[in-house]
Amino acid sequence: MKKKALSTLLAVSMVAGMVTGCGSQTADTATTDKATETTEVVATADTTATEAAVTETSAEEGKVLNVYCWNDEFQRRLKAHYPGYTEVDATHGKIGDIEVVWNMTPNTDNAYQNNLDEALLGQESAATDSKVDLFLVEADYALKYVDSDYAMPIADLGITDADTANQYQYTKDIVTDSNGVLKGLSWQGCPGVMFYSREIAKEVFGTDDPAEVQKKVCDWDTYRATADELKAAGYQIASSANDSYRVFSNNVSSKWVVDGKINIDENIMKWVEMSKELVDAGEVATHDMWGDDWSKGFYPEGKVFSYFGPAWLINFCMAADQEGSIGNQGGWAATEGPQGFFWGGTWICAAAGTDNVATIKDIMLKLTCDEEIMKSIVVEDDDFVNNKPAMDAMAQDTSYSSKVLGGQNPLGIYCAGVENLDLSNLSAYDLGCTEEFQRAMKNYFEGNATLEEAKELFYKAVVEKYPELTY
Amino acid sequence: MKSAKRGKVVSYNKWGYIFLIPFVVVYLIFQFVPLVTTIANSFYENYRSGLTQIGPNFIGFDNYAAILKNPDLWIYAKNTLIMWVMGFIPQILVSLLLASWFSNPSLRLKGQGFFKTVIYLPNLIMASAFAMLFFTLFSEGGPVNSILMQLGIIQEPFKFFANVWGTRSLVAFMNFVMWFGNTTILLMAGMMGIDTSLFEAAQVDGATSKQIFFRITLPLLKPILVYVMITSLIGGLQMFDVPQILTNGSGEPMRSSMTLIMYLNKHLFSKNYGMAGALSVLLFIVTGILSLIVFKMTNANKED
Numbered sequence: 031m032k033k034k035a036l037s038t039l040l041a042v043s044m045v046a047g048m049v050t051g052c053g054s055q056t057a058d059t060a061t062t063d064k065a066t067e068t069t070e071v072v073a074t075a076d077t078t079a080t081e082a083a084v085t086e087t088s089a090e091e092g093k094v095l096n097v098y099c100w101n102d103e104f105q106r107r108l109k110a111h112y113p114g115y116t117e118v119d120a121t122h123g124k125i126g127d128i129e130v131v132w133n134m135t136p137n138t139d140n141a142y143q144n145n146l147d148e149a150l151l152g153q154e155s156a157a158t159d160s161k162v163d164l165f166l167v168e169a170d171y172a173l174k175y176v177d178s179d180y181a182m183p184i185a186d187l188g189i190t191d192a193d194t195a196n197q198y199q200y201t202k203d204i205v206t207d208s209n210g211v212l213k214g215l216s217w218q219g220c221p222g223v224m225f226y227s228r229e230i231a232k233e234v235f236g237t238d239d240p241a242e243v244q245k246k247v248c249d250w251d252t253y254r255a256t257a258d259e260l261k262a263a264g265y266q267i268a269s270s271a272n273d274s275y276r277v278f279s280n281n282v283s284s285k286w287v288v289d290g291k292i293n294i295d296e297n298i299m300k301w302v303e304m305s306k307e308l309v310d311a312g313e314v315a316t317h318d319m320w321g322d323d324w325s326k327g328f329y330p331e332g333k334v335f336s337y338f339g340p341a342w343l344i345n346f347c348m349a350a351d352q353e354g355s356i357g358n359q360g361g362w363a364a365t366e367g368p369q370g371f372f373w374g375g376t377w378i379c380a381a382a383g384t385d386n387v388a389t390i391k392d393i394m395l396k397l398t399c400d401e402e403i404m405k406s407i408v409v410e411d412d413d414f415v416n417n418k419p420a421m422d423a424m425a426q427d428t429s430y431s432s433k434v435l436g437g438q439n440p441l442g443i444y445c446a447g448v449e450n451l452d453l454s455n456l457s458a459y460d461l462g463c464t465e466e467f468q469r470a471m472k473n474y475f476e477g478n479a480t481l482e483e484a485k486e487l488f489y490k491a492v493v494e495k496y497p498e499l500t501y
Numbered sequence: 475m476k477s478a479k480r481g482k483v484v485s486y487n488k489w490g491y492i493f494l495i496p497f498v499v500v501y502l503i504f505q506f507v508p509l510v511t512t513i514a515n516s517f518y519e520n521y522r523s524g525l526t527q528i529g530p531n532f533i534g535f536d537n538y539a540a541i542l543k544n545p546d547l548w549i550y551a552k553n554t555l556i557m558w559v560m561g562f563i564p565q566i567l568v569s570l571l572l573a574s575w576f577s578n579p580s581l582r583l584k585g586q587g588f589f590k591t592v593i594y595l596p597n598l599i600m601a602s603a604f605a606m607l608f609f610t611l612f613s614e615g616g617p618v619n620s621i622l623m624q625l626g627i628i629q630e631p632f633k634f635f636a637n638v639w640g641t642r643s644l645v646a647f648m649n650f651v652m653w654f655g656n657t658t659i660l661l662m663a664g665m666m667g668i669d670t671s672l673f674e675a676a677q678v679d680g681a682t683s684k685q686i687f688f689r690i691t692l693p694l695l696k697p698i699l700v701y702v703m704i705t706s707l708i709g710g711l712q713m714f715d716v717p718q719i720l721t722n723g724s725g726e727p728m729r730s731s732m733t734l735i736m737y738l739n740k741h742l743f744s745k746n747y748g749m750a751g752a753l754s755v756l757l758f759i760v761t762g763i764l765s766l767i768v769f770k771m772t773n774a775n776k777e778d
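Protein chains in written order, with the working numbering: chain U, 31 to 501; chain C, 475 to 778.
Any given hint might turn out to be false.
As the list claims (entries may be wrong) - Taking beta-carbon pairs under 8 Å as the criterion, some of the chain C residues facing chain U (in silico): (1) S523; (2) G524; (3) K633; (4) E726; (5) M728; (6) H741; (7) F743.
To be verified - Below are the BS3-like pairs computed for lysine-lysine, each with C-alpha atoms no more than 27 Å apart in a straight line: (8) C:K633 with U:K326; (9) U:K333 with U:K245; (10) U:K306 with C:K633.
If you're looking for bench data, these hints aren't it; they were derived computationally from the structure. Where a beta carbon is used, it is the ideal one built from N, C-alpha and C, also for glycine.
Let's have the full structure, built from the sequences with the hints guiding it.
In structure tokens, the structure reads:
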């Protein structure tokens, strides 16, 4: 009898444990569901209220500001330049009594977008404090979000055209949807330049003066000849064939996708042709970007002459804070390079359904429209900011110089580059196409495939990513 | 009357059922439901373009037709098999050798416990971490290339990941290292299950150890060998983590190291549940057939 009682007890407790386990969970979700419903009503009421009155009363603000991003660049900017932001730990901060929660997912393998997509699609049913409030996008896929209802129009935040008048037009074009509504703002401009090693320039060309070096890379034929010269001296002109990709892909005359068909622009084929020659001659390698092999050239032992990139590359990526790197010793210099281009850039978008409208508005205004704050970003972080008059003025200013660039003031070169940016050929498929094209062409460069086979592979891979396309 | 009779017989059956509940519940939620939804998904056009959901629209067997018509599927299947064979042959040979050494009492090997633990260790490392390690070791500027160049074996760094057989060999080698310990333990169990009197009788009759191995151990080990082979083949069909991490999901060069499951994973970029589902069902059928063979074999063994 005792035994039976004991076993009954055991069995009952086990089953009960399971049931309660599930039960409490369902109860939880039920309550949160209810909570969401009620708060949602409040939230919509909130936004309509702010929209109507455009008043900033922090009483209406949600307690939590959820930020979706892929690295700590924006966090660093906010920490250093946004008044009132205090860091709690790596993923939490505070603005006044609002808690800032950083949701960082790396870009690798599309993880950032996958995560953001799920969050945005679940936005309506999420509890107010777990809704996405602010998210960041890059130029390569900005359209995907901007052309959806998930990004809030800037005007709805209460930011006027007058506020953004000083920003470069191209930064607004990228985040303007097909109906002409502006849906994001950026603090940076990303005209690309060519960064070269002063040391190597002196050794091979006898001078490290940007104007003189520019003559060595003024167009692609000269660039090609210079590559031979550098090879003879034991250097690579660039780390990887992919380095010059952006310079070509930003100067295209057609989009990646035309009428639902995949399209390879002529200029991109020129990149293939030149890169194949360079790879065959051993003048560049075929490393994937961001890998260890690619970034070897950030150090003198890497024997890499130049990298193409915008300001963020040199200030954020090129190991300037590492002892012994070229950047750390101020060993880089900037010049225009063969062609103008832009690369990347981070835009701030407000997610539809946010309950922190006033805070987001203030962050956008401070970081992307406030001239004083933007100037301090240039001085402290060597970034190129999205404020035309301020940049034009600083370009003339001899008191500003970049430490990483060995005392050069590169702003004039950026300013010249930013004028000529043409963004009419961006599409929502750019990220996937770029990734797959570089991957497929690596096979051609390495001799594992003919050009036709590599192109075939590219088409296949793109259709896998975007099943609605044909080729 | 009946009830009185029942009262006297203590039935423990219901306890059995009650204690089975946790397993059944977990199985239903994490195995059965996904299985059914996968099969259901395979009949629908269902993917996401950007933030726009397309489908689900019922399209019958169109997904299957698209997959089976795609000549690439057979290439990926071939890649998977090639890499599996390249890993399995050394694996079974080394395991047989080690198992026969470990299970041979006349060798009196010292530190058996230690070595048995050590050979199993690679299996405890996460496959992705292991792949990452190999990626770093064998990259163009990695330590392996530096060592080979310093020894004067090669002049230029060898691009392992730009070479078809370089990449495949690395994948096969990693699978071999990860799984030979496991196989050794299985084979050892099989060898210890063989009646020792057979070995003794052979020794008395003057058989050499070679003869004993080939005439007694191997034939009696056959069922275990087949079991090992088929389970390894099922595992091989599902090869994913090692090549995925090693080639950064690309299966390069020219997709020569792309396995079936990596191909399946490619469809998940666009949340293409229809295509991925159809491919999963096809793999499920193949795996099911292989499992049936194992099942028949082990059952036939019992009847002997």
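Here's how the hints hold up against the structure:
At about 5 Å, the closest approach between the beta carbon of S523 (chain C) and any beta carbon in chain U falls short of 8 Å, and the interface hint on this residue holds. With 8 Å as the threshold, the beta carbon of G524 (chain C) comes within range of chain U, its nearest partner Cβ sitting at about 4 Å, so the hint holds. A distance limit of 8 Å between C-beta atoms decides the matter here; for K633 (chain C) the minimum to chain U is near 7 Å, and the interface restraint holds. For E726 (chain C), the suggested interface contact is upheld, since its CB lies about 7 Å from the closest CB of chain U, less than 8 Å.
For M728 (chain C), the interface hint holds, the least distance from its beta-carbon to any beta-carbon of chain U being 5 Å, beneath 8 Å. Here the hint on H741 (chain C) is kept, as its CB sits about 6 Å from the closest CB of chain U, short of 8 Å. Against a cut-off of 8 Å between C-beta atoms, the interface hint on F743 (chain C) holds, since the closest Cβ of chain U lies about 5 Å away. Straight-line distance between C-alpha atoms of K633 (chain C) and K326 (chain U) comes to about 16 Å, which keeps the hinted pair within the 27 Å bound.
For a cut-off of 27 Å, the pair hint linking K333 (chain U) to K245 (chain U) stands: about 21 Å separates their Cα positions. For the hint pairing K306 (chain U) with K633 (chain C), the CA-to-CA distance comes to about 17 Å; that is within 27 Å, so the pair holds.
Going down the numbered hints, you'll see the structure goes against none, and every one checks out.
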